[in-house]
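S.K.: Taken in sequence, the protein lines are chains A, B, C and D. Heads up: the first sequence begins at 1 in our numbering, then just goes up one per residue. Heads up: the second sequence begins at 1 in our numbering, then just goes up one per residue. Heads up: the third sequence begins at 1 in our numbering, then just goes up one per residue. Heads up: the fourth sequence begins at 1 in our numbering, then just goes up one per residue.
Hints were generated in silico from the structure; no laboratory data involved. Heads up, some of the hints might be wrong.
Once the Cα atoms are required to be at most 20 Å apart in a straight line, the calculated DMTMM-like pairs of lysine to aspartate or glutamate come out as [as the list claims (entries may be wrong)]:
1) C:Lys57 with B:Asp62
2) B:Lys88 with A:Asp62
3) A:Lys227 with A:Asp216
4) B:Lys157 with B:Asp23
5) B:Lys57 with C:Asp62
6) A:Lys57 with A:Glu199
7) B:Lys4 with B:Asp23
8) B:Lys227 with B:Asp23
9) C:Lys12 with C:Glu199
10) D:Lys88 with D:Glu279
11) A:Lys88 with B:Asp62
12) B:Lys12 with B:Glu174
13) D:Lys57 with A:Asp62
14) A:Lys114 with A:Asp22
15) C:Lys175 with C:Glu210
16) D:Lys88 with C:Asp62
17) A:Lys157 with A:Glu210
18) B:Lys175 with B:Glu277
Number of protein chains: 4
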Amino acid sequence: MSAKEFDELFNKVCNWGRWGTDDVRGTLNFITPAHVRTAASLVHSGRSVSLEIPINKLAGPDNPRPPSHYMVQTYDAPNRLGQPQFAKDYLAWEFHGDCHTHIDALCHVAYKGKLYNGRPSNAVTSQGASIMDITAYAHGIVGRGVLLDIPRLRRVKWLEPGEAVTREELETAEKAQGVRLAEGDIFLFRTGHHRRRLELGPWNNGYNGEGRAGLDTSSILMLHERKIGAFLPDGDGEVVPSNVEGVAYPIHALQIAAMGMACCDSLQFEELVNVCELERRWEFMVVVAPLRLPGGTGSPFNPIAIF
Amino acid sequence: MSAKEFDELFNKVCNWGRWGTDDVRGTLNFITPAHVRTAASLVHSGRSVSLEIPINKLAGPDNPRPPSHYMVQTYDAPNRLGQPQFAKDYLAWEFHGDCHTHIDALCHVAYKGKLYNGRPSNAVTSQGASIMDITAYAHGIVGRGVLLDIPRLRRVKWLEPGEAVTREELETAEKAQGVRLAEGDIFLFRTGHHRRRLELGPWNNGYNGEGRAGLDTSSILMLHERKIGAFLPDGDGEVVPSNVEGVAYPIHALQIAAMGMACCDSLQFEELVNVCELERRWEFMVVVAPLRLPGGTGSPFNPIAIF
Amino acid sequence: MSAKEFDELFNKVCNWGRWGTDDVRGTLNFITPAHVRTAASLVHSGRSVSLEIPINKLAGPDNPRPPSHYMVQTYDAPNRLGQPQFAKDYLAWEFHGDCHTHIDALCHVAYKGKLYNGRPSNAVTSQGASIMDITAYAHGIVGRGVLLDIPRLRRVKWLEPGEAVTREELETAEKAQGVRLAEGDIFLFRTGHHRRRLELGPWNNGYNGEGRAGLDTSSILMLHERKIGAFLPDGDGEVVPSNVEGVAYPIHALQIAAMGMACCDSLQFEELVNVCELERRWEFMVVVAPLRLPGGTGSPFNPIAIF
Amino acid sequence: MSAKEFDELFNKVCNWGRWGTDDVRGTLNFITPAHVRTAASLVHSGRSVSLEIPINKLAGPDNPRPPSHYMVQTYDAPNRLGQPQFAKDYLAWEFHGDCHTHIDALCHVAYKGKLYNGRPSNAVTSQGASIMDITAYAHGIVGRGVLLDIPRLRRVKWLEPGEAVTREELETAEKAQGVRLAEGDIFLFRTGHHRRRLELGPWNNGYNGEGRAGLDTSSILMLHERKIGAFLPDGDGEVVPSNVEGVAYPIHALQIAAMGMACCDSLQFEELVNVCELERRWEFMVVVAPLRLPGGTGSPFNPIAIF
């Protein structure tokens, strides 16, 4: 795709102004109270499943700056106040990263100097984001989650780095699973990225490495038309290297900067797919609860699917 | 209460062995699939409400070690890969603290050298907790939340530091609100701690300060009899100073070490009470999703109530 | 002093271009090999004295963001490689602060958008300082240290917040101590700031607190004329509140932005003064060794005086 | 060397009790005022040279937990107090590491449960080291530095991983360079470790990697007999894998736990050797100034050689 075609696509899916010039919730506007009720009505077995990768403290090719986790206090030193005693810890983290489950705030991505809704990127300073920080999602995202499991469709364990999933394939997956992405849905997109990591070990999935599998840009039009509320992929939705001339991460630019979509990165669906297969269904209630971090460009989180 | 009476109470509410010697889920065992279904059936209006205090980066008497939040990257330096550009941040945190919403792992509290289920406290080392870390709650806690709003009952804005809420008063609050704490419930206990902070400013709520309001030890018997699944207070449930001889934080010792109860600290219900009053109900679905932090003694989190 | 007079003073002491347009060493250019030899020739008794405040991990009015210091590993967990075992720690730090001994890089201060030598302040980005970072002092600062002890002159324990030391008083102190600040010297300036802290406890020494004692702007002309190489105060040299209209920290603006002076903050001379009195001399060898932190705006350090 | 022979060597070089049961300075007791004077008398040209590796923020095989360095504040946001403006940064660090120049406290190493002077290793808890922390070196280490440059002797660029330098070779190097290690000296030991890293790139120098060059255990007897005051190597003095049965890091055990020697790790002498060759001398004044970190097991630092 040429740079010019990309800009045309950007404009086509652009939601700037759609919900007012001050809007900071973007595609979450598609999720109505009725959608939340519908989501809750999907709860039958009471199973809940985490979509988070356990926090990975081990350096590796996709984890060059591993979280720092230290004990602040264990039971090895007397407590000044007597009984009981407490153990405490400390966690320090660059949580945007290729093996850390996190959600992106709308201020996380700028395309040609503009954030979502056309706001200037210099609203993010050394003091944090003054607009569209992660607190825009403070009260959580609750809705119907729909998993499209591409490796299942292809009968492979995972997609290989560089592979792209087109709109057509997403639609085929819908049919194979008997689901259909609809307005206000939370779209869980599985390439098997984390499964590959579990079985083959970590790899450098960036531009100076082997890359990753993700969405073809054609899929973005579908997400736009279907009025998807939020996007939860394993991997981060991107194909690396991208097939867009001069745009390294086109999916982020389209989803976040153009569409204002609530996007997450680096989830894992390995526990989820077992439950889906067991219950023979790929829709469920999803609850996403980012930390209320003022000025934050995102948040680590543990998204929960409830069946 | 004397030290001896406390130990008797400890033994009375002790759940060690109740769910097997290897159990690490404690009172979460009270929450069954039926409870999750019931919780989901409470979703009508689709409103979701955060119970988290926005992350407080400002030092103060109850925040002596404020979180460190820095930008890793803003839009002020060229991106080596061209468009789009990304903003990223870093968050470092001693999340156990008196104004940070967090959940405690069962390994967080030891009474006389023992964790819940009689496990030795030296299972927590400089390398983290080897048992009963926060990953025991990896798949989240989902259930019916019931708020008992004590300031509402007393017709005050908040309880003053040092005030204790007895079993009798909890039961009176149940009647006044038309709810009843039942097996497997998630108990939200409001003293108005955070409301006081919002209106009067932060105060030192520890033993070298003004203290805090919380549960009388008599209430613990009630929670035990009712088979509460999880405990979510503003403040942390403790009365400071405590009325137990030689035990500084008796509620933590009883709830966590004796009962194995999933306990959280420092929530805020100021947004929640508005919705409760509006909907005239004090029960709702609750979703708690701690980070999957291996070895962690707890986790920051954003608990969500869904109406 | 009016804003206009301040700008005239700024221009008067301005060293921009003095050592070339690319210079990043500023007043360190005054320290020649002969000065280093002279400094070494002052070593007689072999006593060495630290000028650093022990790292203060306790929050307080002048320490709102205390350093984080945690054990990475103690001897409580078996070492995978057997004997010997190792204990390790972690230190995290906003080291510019009012009770942390540190040195400022020349990029640390901008006056009206300009750094020393007229360089643009936007050379400091979220990625660090691209010019005049602390690595400009990588090979250390070695020279003759001269202490002017103002409380000694005034026969008080310390100067009170808000008090200013004029050029005249500095010259009187020189005479009283029998020393004279000369070209290339390292000037140690004592107000007794840390002594006050030790005896009265910490106080808020900023604009929203009680303030601090420091140099009157008249003293800057003297430092300029005398061609001082580096400045090491207890406190940070500033009088708070300042007596310059509209300039909150005039000494930093003059010393660092105008003069390009190697400046340090928050040293302590309480051990030093004892040695000075014992040896009846106020000159000695000084070695300053900032960490080689690429992009850094300064460094924590432990300056050493050798007698 | 067998485990039994190692324990015999340990006992032979053991300084426990030599300077009293409460001693925490170990071999620094060898450095007298006369040694400091002698060191200062070596200052002729006034050149000062850093022995620190610039802080390395890039993850790699010998840097699995790179330092976190972020801007706290740049010039992109208005300063509440007007002019001047300030830029500040934050540095977080596990400073014991194989490419970070640091000094070890005596509490850093335990052999069979004992620290130097026979003190129990459980004196180091989650609250830090209660004895023999790095503040024992608060006032710095000043003395005569002597560099033995083994690659120079062997006419190679560096020693290869696994190579060991015997006592005999050290003595040959002394003769080749016309120096002799004497009582109270600071011994700089060069294997070319950092030169290799600069030219070939980083490598895993641990037991699960390629290893490193260092001292043969025979050399330790020489250091003991010569009464060396402090040890500053590139690398860390260890041969990996070690040739001692069952002891992974024998040099640390001998130097720190047995001898109480002030030891540093991961220096770089690439700038130093140029000055040595230029001045045709391998002795100079050295100043080591660890941060005064209470409870710390070591400190990052920038050791300075002065000619």
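S.K.: So, for every hint listed, does it hold in this structure?
M.R.: Do the hints match the structure? See the list:
Simply put, Lys57 (chain C) and Asp62 (chain B) have alpha-carbon atoms about 16 Å apart, close enough for the 20 Å limit, and the pair holds. The hinted pair formed by Lys88 (chain B) and Asp62 (chain A) meets the criterion: a straight-line CA distance of about 16 Å does not exceed 20 Å. About 18 Å separates the Cα atoms of Lys227 (chain A) and Asp216 (chain A), which keeps this hinted pair within 20 Å; it holds. A threshold of 20 Å between alpha carbons decides the hint, and for Lys157 (chain B) with Asp23 (chain B) the separation of about 40 Å lies outside it, so the pair is violated.
Proposed proximity of Lys57 (chain B) and Asp62 (chain C) is supported: the alpha carbons are some 16 Å apart, at most 20 Å. Between Lys57 (chain A) and Glu199 (chain A) the alpha-carbon distance is near 18 Å, which keeps this suggested pair within the 20 Å criterion. For a cut-off of 20 Å, the pair hint linking Lys4 (chain B) to Asp23 (chain B) is broken: about 28 Å separates their Cα positions. With a C-alpha separation of about 16 Å, the suggested pairing of Lys227 (chain B) with Asp23 (chain B) holds against the 20 Å cut-off.
Restraint check for Lys12 (chain C) and Glu199 (chain C): not satisfied, since their Cα atoms lie roughly 39 Å apart, outside the 20 Å limit. The hinted pair formed by Lys88 (chain D) and Glu279 (chain D) fails the criterion: a straight-line CA distance of about 39 Å is larger than 20 Å. A C-alpha spacing of about 16 Å is found between Lys88 (chain A) and Asp62 (chain B), which places the hinted pair at or below 20 Å, so the restraint holds. For the hint linking Lys12 (chain B) to Glu174 (chain B), the alpha-carbon distance of about 24 Å lies beyond 20 Å, and the restraint is violated.
The suggested pairing of Lys57 (chain D) with Asp62 (chain A) holds, with an alpha-carbon distance near 16 Å, which does not exceed 20 Å. Using a Cα cut-off of 20 Å, the hinted pair Lys114 (chain A) and Asp22 (chain A) holds, with the two alpha carbons roughly 14 Å apart. Of the pairs offered as hints, the one joining Lys175 (chain C) and Glu210 (chain C) is violated, with about 31 Å between alpha carbons and a cut-off of 20 Å exceeded. With a C-alpha separation of about 16 Å, the suggested pair Lys88 (chain D) and Asp62 (chain C) falls inside the 20 Å cut-off, and the hint holds.
In summary, the hint linking Lys157 (chain A) to Glu210 (chain A) is supported, as the alpha carbons are separated by about 18 Å, within the 20 Å threshold. Straight-line distance between C-alpha atoms of Lys175 (chain B) and Glu277 (chain B) comes to about 16 Å, which keeps the hinted pair within the 20 Å bound.
Checked against the numbered hints above, the structure breaks hints 4, 7, 9, 10, 12 and 15 and satisfies the rest.
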